[in-house]
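Chemist: Single-letter residue listing:
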Amino acid sequence: MNAMLDDSSTNETLLEVNNIEVIYNHVILVLKGVSLSVPKGGITALLGGNGAGKTTTLKAISQLLHSERGEVTKGTIAYRGQSVSGLNPSDLVKRGVIQVMEGRHCFEHLTIEENLLTGSYTRTDGSAAVAADLEKVYAYFPRLAERRKSQAGYTSGGEQQMCAIGRALMSRPETILLDEPSMGLAPQLVEEIFGIVKDLNEKEGVSFLLAEQNTNVALRFAHYGYILESGRVVMDGPAAELRENPDVKEFYLGMSDEGRKSFRDTRSYRRRKRWLS
Amino acid sequence: MFDQAESFVTADGRTIGSVMMEMKNITLRFGGVVAIKDISFDVREGEIRAIIGPNGAGKSSMLNVISGFYHPQEGEVWYKGARRPEMKPFEVARQGIARTFQNIALFEGMSVLDNVMTGRLNHMKSGILSQAIWYGKAEREETENRAVVERVIDFLEIQHIRKTPVSRLPYGLKKRVELARALAADPKLLLLDEPMAGMNVEEKEDMSRFILDVNDEFGTTIVLIEHDMGVVMDLSDRVVVMDYGKKIGDGPPDEVRNNQAVIDAYLGVAHD
Amino acid sequence: MLYRESGDFSETYKADSQTFPIKFDRYRYYAVLIVAFLVIPLVINDYWANAVLVPFLIYAIAAIGLNILVGYCGQVSLGTGGFMAVGAYACYKLMTAFPEVSIMIHVVISGGITAAVVTVFGLPSLRIKGFYLAVATLAAQFFLVWLFNRVAWFYNYSSTGQITAPDRTVLGYLVTGPNTEAWSKYLICLVFLTISGIIARNLTRGSMGRRWSAIRDMDIAAEIIGVNPLTAKLSAFAVSGFFIGISGALFFAVYLGAVDVGESFGIQKSFLVLFMVIIGGLGSIFGSFAGAAMLVLLPVLLKNILVGALGWDTALAAHLEFIIVGALIIVFLIAEPHGLAQLWRVAKEKLRLWPFPH
Amino acid sequence: DLVFPSLSYRTGAYASGGIPFADGYADYMTLLNERDGGIGGVMTRILECETGFNTEKGVECYEATKGEGALVYQPLSTGITYQLIPKVTADGIPLHSMGYGRTSAANGKVFSNIFNYPANYWNGASLVVNHLLELNGGDIKGKKLTLVYHNSAFGKEPIRTLEELSKKHGFELTTLAVDHPGQEQKSQWLQIRRERPDYVTMWGWGVMNQVAIQEAANIRFPMENFIGVWWSGAEIDVLPAGDAADGYKAITFHNVGDDFPLFDDLKTYVVDRGKAAGAGDQLGTVVYNRGLYAAMLASEAVRAAQKIHGVSDITPAMMRDGMEALEITEARMVELGMPNFGPSFKVSCENHGGPGTGAIAQWDATSKQWSLISDFMATDMSVIQPLIDADSAAFAAENNITAGCS
Amino acid sequence: MFPDQFLFGVEVVINGLMAGVLYALVALGFVLIFKASGIFNYAQGVMALFAALTLVGIMDGQVPFSHLINAIFGTDVHHFGWHVPAFAAILMAIAVMVGLAWMVQHFIFRHLVGQEPIILFMATIGLAYLMEGFGDLMWGSDIKKLDVGIPQGGSFWIEEATAFLGGSNFYGFFIDQLDIVAAIVAIVLVVLLVAFAQYTKQGRAMRAVADDHQAALSVGISLSFIWVLVWSLAGFVALVAGIMWGAKSGVQFSLSLIALKALPVLILGGFTSIPGAIVGGLIVGVGEKLFEFLIGAPFLGGATENWFAYMLALVFLVFRPQGLFGEKIIERV
Ligand SMILES: Nc1ncnc2c1ncn2[C@@H]1O[C@H](COP(=O)(O)OP(=O)(O)OP(=O)(O)O)[C@@H](O)[C@H]1O
Ligand SMILES: Nc1ncnc2c1ncn2[C@@H]1O[C@H](COP(=O)(O)OP(=O)(O)OP(=O)(O)O)[C@@H](O)[C@H]1O
Ligand SMILES: CC(C)C[C@H](N)C(=O)O
Ligand SMILES: [Mg+2]
Ligand SMILES: [Mg+2]
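Protein chains in written order, with the working numbering: chain V, -9 to 267; chain S, 21 to 292; chain E, 87 to 444; chain H, 12 to 417; chain L, 6 to 338.
Hints were generated in silico from the structure; no laboratory data involved. Don't take every hint at face value.
[As the list claims (entries may be wrong)] Sample of chain E residues with no beta-carbon within 12 Å of chain S, all distances over it, derived:
no.	residue
1	F110
2	Y113
3	Y158
4	I306
5	G369
6	P385
[Said to hold, decoys possible] One side of the interface only, derived from the structure: several residues of chain V facing chain L at Cβ under 8 Å:
no.	residue
7	E58
8	G60
9	S73
10	S75
11	G76
12	L77
13	Q89
14	E98
15	L100
16	T101
17	S161
[Stated by the list, open to error] Short, incomplete list of chain S residues facing chain E, as computed with Cβ under 7 Å:
no.	residue
18	Q93
19	P105
20	P109
21	Q115
22	G116
23	I124
24	F127
25	M130
26	T138
27	N142
28	G147
29	G156
30	K157
31	A158
32	F175
33	L176
Only a predicted model underlies this, so the values are computations on that prediction, with no experimental measurement involved. Ideal Cβ placement from N, Cα and C applies to all residues, glycine included.
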């Protein structure tokens, strides 16, 4: 079944990444021609192993590369048909694109509530609307409401992750670039967070570009997926199809033909990935 | 004291030794926040002991108590049959306890090799003068320890990045380097805080293999925090479950997985 | 490929951990040593010795010392000026109290005394971190200068509070005092610098150096894996103090000959040496050399160009010098925050890849 | 040409004094070139080097300039002077520390290349005490004198003499150190306010002077009882305090004002031709005049050297001889257009220190002018000479110098 | 006599408090910039000098860069020949400081985003050199008198009113009027700045930037804007400090050294705390004056003020490593 048919996404493309190359420090070539597109109202997953370049791709889109001594040396990135190069991150936030960074990056010394409020920095629709959204975020993450007055630096990993997502929501985004939301979260919470992603997507029409290692969950919630390896897109397709792909099954879902195999039994010979010639 | 000296056989037929470390009624508070509430559990020689629980349950805090970074307000830590007085972290490390960290804590300014070599610092004793002239003991020691470290590097299959600055490594490899650093110390007890977070299945499989091999081949006792239930269930001999600082379950994986309290607080659905 | 590493393999762990594992680098190092020891002394004159080479050599020693503390161990110190003063005054007291003992020994002992003093001032580093520590080290800077200014015993009760180096010889050649030849000043400093460089390199590549770097990169993690922060930090302070003390002693005895503590070892000196370390490259011995060279040469060059070549009046030139030095520092930091050493590494990396861009 | 290095400081905390001095020094040399075609037919050349009043930079400047045939150094800093004493002696170049530097250098038998005529800090200290004696009819027993001094070689210089003098005259001496640069002196002045000394004297320089005078005014210390050394008596030191500074005194070893024929020449030949070193508005100010005076003494020494050696383009060694043979007479001063500008004196090998005379100047805040309120008077050499002898003997012993005149 | 001694002690304390306020004025500028960018701005002292120089230059109608212009074109210009009233000149000086803030951000710190703190610190020292040279070049290095009409000198009224407290040796408390003005100004500034940082959107953004540049960028906070804003504020604070100090000791090079007096204040109060700056200033002021009065001058030969503040701060920090009000250093693994 093609997932694209039964979801709320349209054919309108929001974000178009075309054959980009990224170099760090003038010498380290990390992305070697990555293309992808994010449709309006869709959840698009970006999968791949460590160091594949997921984070780099997201940062290239949100213009956060610059401060890490990285630059896009080739290719184009367009949001709603307009090139984003030359914009700064806050312009993008104003246009509705916001990134939730890998590793949470909460403002340690600010309280949870202040953290959330920084998310509304670019908004101009008045404090009442902001307050309403704050309540909404608390409704999504009751745990945050409990800890609203704590300094974010002292909250646990999961709480910080919620805080980071909640903070992004506060900007009323149209597209969220979500980097590894499941990392370090308890299984229940992972489900919960993805549930919220789904909710936001369906009820509020927020589009997602989602970088994930947890292929299993990601492919369950996403509509479309790209698999990245060593800076190249090696495979892409509707999530449902990817889930059935034998290679994906073996390398990303840890399933063999007989179902899930135990981590105790993995020291056997492994087949080489087909796309690595 | 119960079955202190005895050993027992686990479900899958592995022999687990006597009690190596025992946490007795540990309570840890930060100002108003109670991170750990009166928790007791033991760790036996040669086992893989998992700690699981929702975020903020106090798992990492527990590891920090074991490694001497946090000092609990109440409770005792017993190690190798004796009560451990309050110790500085580096003293704990010298007792043969090594660990990895939830948020990678590598030395970003050094190469992989140097990072792993830091794991051997407790085995390097040459004086400053000898080091200054780089002759005699200092040089010998360096070469000997280098050999040990190279074995660890081979074991974890990170030879190719030996000379790379760790800051340039991708996340997964960093985790592996951290494990290498801990292993280089030749620990009796190895504490792993979410060693597989942020990894894909393939990498988790690799990591699992390493952990099992360490446990098998060197008989290293391991305490493991992990959120991937597959990993926990497959690898561990016994599991402690924490929730909001309290212990809500303790036992072999199968037992824990069917414990209703655990399901409610943590797993959400019964895991297969 | 102008610069090659390939085909140059180490066969033993010992060979692999030597200072210059690559042949090409090793030969270049020998060449530099030969020029420094055998060629320069023959051609050196007063101006070059006093305006450029001797200060460069002495500052390089100080920079190595500070680099160990800041670059390797991550403890920022702004007390370098005061610590150099300790070296200078120790040397003065030793020179005047034991005139029969060789000055070489005095300089080394001055280093030891400074190491002890610096270690005492390093004690707070166990609690205080980052800029708090940096500012706190200023306490040492101001206190020491005040002390040497105030307690007459230190300057042998001379009426002005200045100290003056008596004539001393090494192997029959004068090395201190106004009648010293340029080459002998140069050589004695060079000897100390070479030995300092080698010692520093040895200390930083072994377990000591790893302890320091571990503390620098992440002190909590370092402690948890077994580094005793007390000994690691204090040893860094001590070693750093040793080198800084030597440089202070040479600065006074060989270079200036007479010293007014407030002016020669004021806070400006602390900043200057810190600049050398940072412009050169934190955590790099080579960087210490490069930074010292750059910051000694730059003002001399500027002065020569602005006043000498362009003939501008000195006030204008002095103001412009400030502006240019300031601007250059900023430009450097922007271009390569990790200093000249990093610039050099990147250049090598590029050369290795040349002519391929990546 | 005749090269005069000028180790000046036009930047930093002491620029306010460094600039006018350097300007005066340079303008006088320019005047000689423009009006007379140099000295004895050889043009003069000023070689300026910025020291920032920093000893280390001073040494650097010395090394950089000495190769160019520098005739005489005038570093305008006691600290730099101390550094250069051994160096110039080794290099055979004379050094003139006019009214500063190492006092015992007045003994030419030990300090062959150092000159500090016409007066030094010990003369200065004696001068202050003489003035107090005069005010009190010769008896200052039990009076309290406080010395506020720059905490450096410079500021410490007079302490020894003052101590001797306090023993001799029975006044009570307290000393208060002010650290470089002297921006903050509140506690020193609170202490003065509390202890109410009868007199305060000051060895200050740069910003320290203004702050001290301002603070003295703030605590309403009677200005006429506040006497500065000659480096603490410039217009810029008193101007910021406004009317409150009225009556402040300072010692000096030369005359003040621009009421001398020389200034007409300066205006015609230097300022009006656009050759002035500065803006040309400093003529007649205290420190500018001092720069002029120093340059005049240097050029007169050149003439003496030219006469002795019979060559016009002299070497530093000849210059030294010229300085040692220097004789300034009032008649010559009149010829130079500086009648009564400074004392008449004669330098000799035994005495490099000149007559050691000085006068008291006082500030008038309404007319914004300094004026002399005393004649040039002699100082107490019976106290000073033994000190000089002892200090120079110690220096000679320390440095293996056999004292004597060749 | 004991009571007199005691009253003198009280006087020393009062004057220490006043001196502390002046230190705090400089420390405030540091805190602002540190809070918003983690930059330890060594150039704060030079900024005060530059601001004061500019103010005097404008008031006196000086031609900027006259020295340079005259040197290049052989002209002889110095003054425009007009005088600008103090109020207008202050406004113009503020405008200059805002311009400066923009330049600092645009040409320097924009390119250093994400660098280690020590690199940023070094850059500010470079900036200090640059501005010092620039200020001198622009306005000349001679001493200038600054008079914006703030009263100066001991307050007779207080002196006379308190003279009766002690014996004949006691002349009443000495309090400089300038210090009183400075204290009032400082308190107003602190209150306003605290309100700004704690309760406004920009203030919150500023604190966010201080914690994590990257994350701040990611939520759409413009680093450049925040930085220009705080540097402007710091420039304004520097102007105020420059006016106060300039009125005391003339506007000249040494003004830039007051930064050194502010540093111990800073670590004592905590780098990130605005009220900390003022409390730290008071402690340092009183501490060093009292120490000089009780121990320094009688037993140690005086001039202890330069180091005492640092020693005090050092000892204090050993017990409280983040200063009095500084944010606790979060140490977790
Ligand atoms: N600032 C940087 N400087 C140099 N190299 C970098 C930098 N950031 C990332 N890299 C390199 O770029 C490659 C891609 O990194 P990236 O973070 O995009 O991977 P990722 O797919 O997000 O991996 P992960 O799942 O571990 O987060 C890695 O090899 C990494 O080492
Ligand atoms: N140093 C500290 N100061 C204050 N509170 C702390 C500190 N360390 C931990 N806490 C609090 O203690 C609780 C337990 O934290 P801990 O890090 O142990 O959780 P965890 O079980 O490891 O969670 P996660 O799975 O998210 O890592 C949290 O609420 C946290 O905010
Ligand atoms: C102008 C000066 C020479 C005075 C100076 N303070 C000195 O060192 O003596
Ligand atoms: Mg990533
Ligand atoms: Mg944890």
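Chemist: Could you run down the list of hints and mark each one as holding or not?
Modeler: Checked hints:
Every C-beta of chain S lies more than 12 Å from that of E:F110, the closest at about 17 Å, which supports listing it as non-interface. Against chain S, the non-interface label of E:Y113 holds: every CB pair exceeds 12 Å, the least being about 20 Å. Not every CB of chain S lies more than 12 Å from the CB of E:Y158, the least distance being 9 Å, so the non-interface label is violated. Not every C-beta of chain S lies more than 12 Å from that of E:I306, the closest at about 7 Å, which undercuts listing it as non-interface.
A cut-off of 12 Å between C-beta atoms contradicts the statement that E:G369 is not in contact with chain S; the least separation is 6 Å. No Cβ of chain S comes within 12 Å of the Cβ of E:P385; the nearest lies about 31 Å off, and the non-interface call holds. Given the 8 Å rule on beta carbons, the hint for V:E58 holds: about 7 Å separates it from the nearest Cβ of chain L. The restraint placing V:G60 at the interface with chain L is violated, with a minimum CB-CB distance near 11 Å, outside the 8 Å limit.
Using the Cβ-Cβ criterion of 8 Å, the hint placing V:S73 at the interface with chain L is not satisfied: the shortest such distance is roughly 19 Å. Interface hint status for V:S75: violated, as the beta-carbon distance to the closest one in chain L is roughly 16 Å, over 8 Å. The closest approach between the C-beta of V:G76 and any C-beta of chain L is roughly 14 Å, which is over the 8 Å cut-off, so the hint fails. About 11 Å separates the beta-carbon of V:L77 from the nearest beta-carbon of chain L, more than 8 Å, and the hint is not met.
Interface hint at V:Q89: satisfied, since its Cβ lies 5 Å from the closest Cβ of chain L, which is below the 8 Å cut-off. Of the supplied interface hints, the one on V:E98 holds, with its beta-carbon coming within about 5 Å of a beta-carbon of chain L, less than 8 Å. A least Cβ separation of about 6 Å between V:L100 and chain L falls short of the 8 Å threshold, and the interface hint therefore holds. Hint status for V:T101: violated, given a least beta-carbon distance of 10 Å to chain L, over 8 Å.
Taken as an interface hint, V:S161 checks out: its beta carbon lies about 6 Å from the nearest beta carbon of chain L, inside 8 Å. Proximity of S:Q93 to chain E is violated relative to the hint, the smallest CB-CB distance being about 20 Å (cut-off 7 Å). The beta carbon of S:P105 comes no nearer than 17 Å to any beta carbon in chain E, farther than 7 Å, and the hint placing it at the interface is violated. Interface hint at S:P109: satisfied, since its Cβ lies 4 Å from the closest Cβ of chain E, which is below the 7 Å cut-off.
With a cut of 7 Å, the hint placing S:Q115 at the interface with chain E is violated, because the nearest CB-to-CB distance is about 10 Å. Given hint, S:G116 at the interface with chain E, is violated; its Cβ is 10 Å from that chain's nearest Cβ, farther than 7 Å. Taken as an interface hint, S:I124 does not check out: its beta carbon lies about 9 Å from the nearest beta carbon of chain E, beyond 7 Å. For S:F127, the interface hint holds, the least distance from its beta-carbon to any beta-carbon of chain E being 4 Å, beneath 7 Å.
For S:M130, the interface hint holds, the least distance from its beta-carbon to any beta-carbon of chain E being 5 Å, beneath 7 Å. Restraint check, S:T138 versus chain E: the minimum CB separation of about 5 Å is within 7 Å; hint holds. The beta carbon of S:N142 comes within 4 Å of a beta carbon in chain E, closer than 7 Å, and the hint placing it at the interface holds. Given the 7 Å rule on beta carbons, the hint for S:G147 is violated: about 9 Å separates it from the nearest Cβ of chain E.
Given the 7 Å rule on beta carbons, the hint for S:G156 is violated: about 12 Å separates it from the nearest Cβ of chain E. For S:K157, the shortest C-beta to C-beta distance to chain E is roughly 10 Å, which exceeds 7 Å, and the interface hint is violated. Using the Cβ-Cβ criterion of 7 Å, the hint placing S:A158 at the interface with chain E is satisfied: the shortest such distance is roughly 6 Å. This hint is violated: S:F175 has a C-beta 17 Å from the nearest C-beta of chain E, more than the 7 Å allowed.
At about 17 Å, the closest approach between the beta carbon of S:L176 and any beta carbon in chain E exceeds 7 Å, and the interface hint on this residue is violated.
Violation of the numbered hints given earlier is confined to hints 3, 4, 5, 8, 9, 10, 11, 12, 16, 18, 19, 21, 22, 23, 28, 29, 30, 32 and 33; the remaining hints are satisfied by the structure.
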